[in-house]
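Asks: Chain residues, written in single-letter form:
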Amino acid sequence: DGGITQSPKYLFRKEGQNVTLSCEQNLNHDAMYWYRQDPGQGLRLIYYSQIVNDFQKGDIAEGYSVSREKKESFPLTVTSAQKNPTAFYLCASSIYSHLRVGETQYFGPGTRLLVL
Amino acid sequence: GNSVTQMEGPVTLSEEAFLTINCTYTATGYPSLFWYVQYPGEGLQLLLKATKADDKGSNKGFEATYRKETTSFHLEKGSVQVSDSAVYFCALRDYGQNFVFGPGTRLSVLP
Numbered sequence: 271d272g273g274i275t276q277s278p279k280y281l282f283r284k285e286g287q288n289v290t291l292s293c294e295q296n297l298n299h300d301a302m303y304w305y306r307q308d309p310g311q312g313l314r315l316i317y318y319s320q321i322v323n324d325f326q327k328g329d330i331a332e333g334y335s336v337s338r339e340k341k342e343s344f345p346l347t348v349t350s351a352q353k354n355p356t357a358f359y360l361c362a363s364s365i366y367s368h369l370r371v372g373e374t375q376y377f378g379p380g381t382r383l384l385v386l
Numbered sequence: 171g172n173s174v175t176q177m178e179g180p181v182t183l184s185e186e187a188f189l190t191i192n193c194t195y196t197a198t199g200y201p202s203l204f205w206y207v208q209y210p211g212e213g214l215q216l217l218l219k220a221t222k223a224d225d226k227g228s229n230k231g232f233e234a235t236y237r238k239e240t241t242s243f244h245l246e247k248g249s250v251q252v253s254d255s256a257v258y259f260c261a262l263r264d265y266g267q268n269f270v271f272g273p274g275t276r277l278s279v280l281p
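Protein chains in written order, with the numbering used here: chain L, 271 to 386; chain U, 171 to 281.
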């Protein structure tokens, strides 16, 4: 079955520690995205990537980093510079085309990050 | 820039009641419009979409019509069930742009 997997489901971070959230897709999508969701809030875009080896900052990129070395993988690192990292993190992917605006964005099951 | 506005929640209904969740948008071009649903502790799932004016998206008894003249995409269901309890997000995608999501509306359906 095609889809997006995120791991782990729960992640705990200690003070001053960097942690990496995994996101893998087998939908052959060019574009991948990371969102942050706080309790009772909407989605805020952290980073996105439209092609391999290229990525762009979203609205709240400070304290986060990403890489896109393979089409199917888009890991997110939450660095120690992110002072309030506790949130639900969602990875998504879609076909990327300036002309195909109706293409759906598909989401993974999410990773909940908690600070110890 | 582009934006999406949704009605404030939470919305609490009794089972079999009629549901409307309002969504309006601001966009510079001709966006596609989407409704997503999120169940507790899960990611978002596409519920329905419409790609041009006057299109009606429908799925699982939910419907929404793309109204360009009122820049709206209101979600409706004739008879809600307890299993419809979730958070509903309205979203748009414009040419060459990323998705823009509304803040979400929490729906609770009581038996």
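If you are wondering where the hints come from, they were derived from the structure by calculation, not from laboratory data. Quantities reported herein were computed from a predicted structural model and do not represent experimental measurements. For each residue, glycine too, the CB sits at the ideal point set by N, CA and C. Any given hint could turn out to be false.
Claimed, not checked - Chain U regions said to be covered by chain L (calculated; three or more residues, Cβ under 8 Å):
no., stretch
1, 213-221
2, 224-231
Unchecked claim - Computed from the model, here is a short list of chain L residues facing chain U with C-beta under 7 Å:
no., residue
3, S292
4, G312
5, L313
6, A351
7, G380
Asks: Are the hints correct? Go through all of them and say.
Replies: For each hint, the structure was consulted:
no.	hint	in the structure
1	213-221	holds (count 6)
2	224-231	violated (count 0)
3	S292	violated, 14 Å
4	G312	holds, 4 Å
5	L313	holds, 5 Å
6	A351	violated, 24 Å
7	G380	holds, 5 Å
Of the numbered hints listed earlier, those contradicted by the structure are 2, 3 and 6.
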